[in-house]
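K.L.:
Chains as they are written, first to last, in numbering that gives the first Met the number 0: chain B, 0 to 320; chain X, 0 to 329; chain P, 0 to 318.
Don't read these hints as lab results, they were simulated from the structure. Any given hint might turn out to be false.
Under the rule of at most 20 Å between Cα atoms (straight-line distance), these lysine to aspartate or glutamate pairs were calculated in the DMTMM-like manner [to be verified]:
id: 1; chain 1: B; residue 1: K53; chain 2: X; residue 2: D132
id: 2; chain 1: B; residue 1: K222; chain 2: B; residue 2: D211
id: 3; chain 1: X; residue 1: K129; chain 2: X; residue 2: E49
id: 4; chain 1: P; residue 1: K187; chain 2: P; residue 2: D198
id: 5; chain 1: X; residue 1: K129; chain 2: P; residue 2: D58
id: 6; chain 1: B; residue 1: K226; chain 2: B; residue 2: E208
Listed next, the stretches of chain B that the computed footprint assigns to chain X, with coverage defined by at least 3 CB atoms under 8 Å from CB atoms of chain X [as the list claims (entries may be wrong)]:
id: 7; segment: 147-159
id: 8; segment: 252-259
id: 9; segment: 271-285
Derived, one-sided and incomplete: chain X residues facing chain P with beta-carbon distance under 7 Å [said to hold, decoys possible]:
id: 10; residue: F16
id: 11; residue: F17
id: 12; residue: L158
id: 13; residue: A162
id: 14; residue: A231
id: 15; residue: P232
id: 16; residue: L235
id: 17; residue: Y239
id: 18; residue: N243
id: 19; residue: P318
For every residue, glycine included, the Cβ atom is placed at its ideal position computed from N, Cα and C.
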Amino acid sequence: MTQPDQAGPDPGSAVGVVPEERVAVTPVGPAAAPATVRQVRGSREALYFALRNKKLLAGLTVVLLFLVVAVVGPLLADHGPNDYVGPPAQRPSSQYWFGTTTFGQDVLAQFLYGVRATFLVGILGGGLAALIGMLVGFTAGYRGGVVDEALNMFTNIVLVIPTLAVLLIIAAYLRVRGVLVEALFIGFTSWPWAARAIRAQTFSLRSREFVDLARLSGVGARKIIFKEIAPNMSSYLVMTFILLFGGAILIAATLDFIGLGPTEGTSLGLMMNNAKLWGALQLGMWWWFIPPGLGITSIVGSLYIMNVGLDEVFNPRLRAM
Amino acid sequence: MRRYFGRKLLIYVLTFFFAVTVDWMIPRFMPGDPVQTMLSRAAPNPEAYEAMYAYYTNLFGLDVPVWQQYLNFWGALLRGDLGVSVWLFPQPVARIILRAIPYTLALLIPAILLSYYTGNKFGAFAARRKWLDNTVLPLGYVLTATPYMWLAILLAWGLGIVAGLFPVSGGYSFALEPTWSWAFFGSLLRHWFLPFASLFLVGFGGWAIGMRNLIIYELEADYSNYLQALGAPARLVRRYAYRNAMLPQLTGLALQLGVIVAGALVTEIVFSYPGLGYLILQAIHNQDFFLLQGAFLFIISGVLLANFLIDIVYVMVDPRTRTGMRGASA
Amino acid sequence: MSRVSLRVANLRVHYRTLRGDVKALDGATFTVGDGEIMGLAGESGSGKSTLGKSLIRLDGRMRHVEGSVELDGKELPIWDSARMNTFRFREVSIIPQYAMSAMNPTRRIGRMVAELVESRGVGFGTVRPELERRLDLVQLSRDVLDSYPIELSGGMKQRMVMVISTLMNPSLLVADEITSALDVSTQKAVAETLVSFRDRGYVKSTIVITHDVSLVYQIADTIMVMYAGKLAEKAPTDVLVAAPRHPYTNLLISSLPEVGVRFSEKRLTGIPGSRPSRLQPPVGCRFRDRCPLAFEKCVEEPPFVEVERDHFVACWKAY
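With these hints in hand, go ahead and build the complete structure from the sequences.
P.N.:
Have a look at this one:
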């Protein structure tokens with residue numbers, strides 16, 4: 000599984016990786032033992048392991064760090080990211096920690112605002128994709144039959160379309176674009192692998208005894224999904240969201256870099272775009288293009304590592320390693 | 000098996016239909032006169048403006064019924080007529096794109112094949128040794144988390160400008176003219192190397208990690224346990240595990256195509272490499288809708304075709320699809 | 000039952016967990032004779048599967064703590080996986096619990112068998128005739144060798160795995176819950192196949208692990224009952240079923256439904272209570288808390304001794 004904006008993890012929880020019925024390593028939820036008892040003990044046990052898993056802690060720390068930067072950073076900046084405040088093309092100094100751009104803009108201010116935009120797009124876009132993925136996946140997996148076939152066809156079509164190409168056309172016509180539009184676009188196009196994976200999991204859970212029990216007692220489909228199936232997949236859903244979140248950040252960076260991102264404000268991808276455009280490479284202005292890329296790599300990398308850690312916490316078999 | 004291919008083809012055809020229709024619809028449903036909007040942004044000189052206006056009005060066929068416009072559009076498409084570029088008027092879009100495609104393919108195909116092969120082998124190998132696994136895993140995750148363009152920028156800056164080993168822009172040296180000469184070929188290679196390496200590295204990280212995870216899963220599967228209980232050597236168990244792990248990896252490749260193509264496009268932008276990506280950037284800057292539309296259709300067709308090829312390979316590799324008892328899900 | 004084929008002495012195998020060692024198998028001493036089919040019965044968690052598995056391959060979490068295993072007079076180095084490999088398949092073999100998924104789904108069965116035996120140093124050409132004979136015996140068409148596992152039904156896969164596992168005529172065959180996933184008529188067929196393997200000399204001694212006493216009653220010469228990691232009783236089948244000495248065995252037998260007897264006539268009795276923890280097992284007899292016959296002496300662990308010929312029990316009330 001590579002850049003998982005269009006692929007997923009699995010097996011069982013394999014692998015962590017993806018697509019197809021064996022899409023990825025999927026962590027199977029707790030066995031069909033008395034759900035309540037097991038769940039209480041299960042979550043305490045999970046917490047115990049969670050606090051001791053190095054990967055999870057390391058990844059989470061980095062992500063939280065950046066989150067703080069995203070929330071607090073721009074408040075601390077004296078000026079806007081695109082204001083012309085200083086002498087152009089300055090190296091990092093005590094006054095401008097990240098130096099300035101060829102126009103004399105403060106790179107640090109851009110970075111801080113950029114991290115915020117990145118998180119925003121990631122959460123919104125990833126969240127939307129997760130919602131759609133769950134909607135489609137649960138419905139297809141639970142109902143089966145014709146509904147499943149139709150949703151499958153739909154999923155496959157959206158899956159195959161190279162999203163960049165579509166955005167080219169849309170963006171050519173939308174003069175003004177905001178972060179929201181970008182997040183919407185990402186959300187509407189990156190859900191297919193998640194839907195597939197969730198569907199596969201729902202399928203296997205659907206035939207378990209406790210679901211049969213619920214069905215026999217006349218509980219409606221939606222309630223079954225919410226109360227029986229989803230909680231047993233909660234770990235998997237969390238991991239899927241994290242991957243969608245990371246994927247959204249990467250997609251957004253790519254879009255911004257090409258110039259199809261928000262037309263106002265700034266973002267890490269846009270910083271790199273500008274840097275390249277105005278010859279930062281040739282001028283050796285490393286302080287302009289290294290921080291944004293480093294930021295994205297750190298955030299997304301930490302998310303992935305966090306995910307691996309979570310997988311180990313929830314899937315006891317991997318813990319031995 | 001026929002059912003399997005039938006379903007796949009249906010999906011691709013539907014997708015292509017859907018894509019083309021969306022492409023046709025968008026200018027017509029935007030507010031205002033689409034031709035005017037486009038031309039006003041391009042702002043060419045007055046004579047060209049007149050010619051283009053007439054041409055595009057005709058092309059859009061706004062004077063004929065909508066359904067006929069749609070059919071005309073399809074007709075033009077199937078004739079290979081993708082319109083005329085606004086930015087590079089009056090060159091036909093198809094020709095512009097075809098000039099750029101070889102460069103993009105020269106990046107994509109070797110990078111995909113090589114990174115897929117080496118990444119998988121390496122991932123499988125890493126799963127065997129704990130110390131290797133501990134270094135490969137974080138490295139692989141970092142590589143896979145690296146946005147394509149940032150790695151490209153780093154390579155361009157580090158190896159290109161700072162170390163001066165490779166050029167960082169163009170498809171070949173500006174001083175040379177395209178000829179069948181060693182010098183030209185050498186120049187092509189030198190310009191090709193960094194963008195290729197950038198695509199290769201990111202892909203490599205992803206495949207290595209994926210394979211490593213899959214192999215671990217396969218090594219714990221029932222058939223592996225059975226073989227080991229019967230004393231089969233690790234070699235045999237590993238071989239089976241690898242072959243079985245390749246299947247989801249193959250499917251993963253199909254899914255990643257869109258992403259990889261996007262990665263190639265941004266990499267080209269970083270290196271000003273004269274492929275489709277660079278072309279698209281110019282088209283966006285110059286508001287050249289027809290060029291964008293042509294690129295869009297090209298990319299879609301290419302990706303669908305590649306998907307189909309992978310489906311064929313998958314059928315050859317996974318015997319279960321052939322027996323027809325349980326085809327791989329579409 | 001002449002020669003002794005398998006001799007197990009004080010075998011202890013624990014599972015490593017983060018909370019400590021789970022004492023899954025806590026001291027097993029018994030023998031299995033040449034040509035004997037021994038049923039190994041008990042509820043889940045009794046340690047029977049651990050016992051069976053430890054005789055051929057310890058998985059990652061299992062730890063051999065103590066005890067020895069001797070097969071045909073030779074010691075089985077079960078704690079040393081590398082050295083154990085020479086014995087696997089040739090002398091000790093297993094029909095696993097997961098026989099349905101035991102074969103590589105992407106390999107034709109014949110090819111898989113060929114690669115397996117070749118890797119163990121046996122030419123496929125030399126075993127092929129025998130393999131085909133055995134397929135005929137279990138009523139599998141020779142075409143299965145050209146098929147993929149997915150093309151076979153559950154029962155067919157089960158029989159195929161049985162053939163594969165016994166191909167090298169092992170001295171000891173461990174059959175781990177081989178009928179759990181099958182319907183009743185297939186269960187019968189599989190059980191009969193097991194017996195025919197023994198009768199034809201394909202295997203010497205067999206241990207049939209099951210939680211289904213009524214099944215093992217049909218085919219086993221001896222039955223050994225385990226509880227909570229310890230051996231409770233071992234006796235020839237008729238003796239065990241007709242006159243069990245251990246209270247647990249007694250309750251087990253009487254909880255079986257009889258054909259023709261209606262519920263209104265005879266209520267099924269279960270065994271009240273639940274298993275003891277194997278992380279920290281109680282002192283003394285493990286069945287003490289659920290035993291209707293328990294008395295003061297039961298806080299002292301009863302030894303597994305022979306009370307009459309070939310009949311072993313571990314219960315103070317039984318001696």
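K.L.:
Confirm or reject each hint.
P.N.:
Verification of the hints:
no., hint, verdict
1, B/K53 / X/D132, "holds, 16 Å"
2, B/K222 / B/D211, "holds, 13 Å"
3, X/K129 / X/E49, "violated, 70 Å"
4, P/K187 / P/D198, "holds, 16 Å"
5, X/K129 / P/D58, "holds, 18 Å"
6, B/K226 / B/E208, "holds, 14 Å"
7, 147-159, "holds (count 6)"
8, 252-259, "holds (count 6)"
9, 271-285, "holds (count 7)"
10, F16, "violated, 35 Å"
11, F17, "violated, 34 Å"
12, L158, "violated, 42 Å"
13, A162, "violated, 46 Å"
14, A231, "holds, 5 Å"
15, P232, "holds, 5 Å"
16, L235, "holds, 5 Å"
17, Y239, "holds, 5 Å"
18, N243, "holds, 6 Å"
19, P318, "holds, 6 Å"
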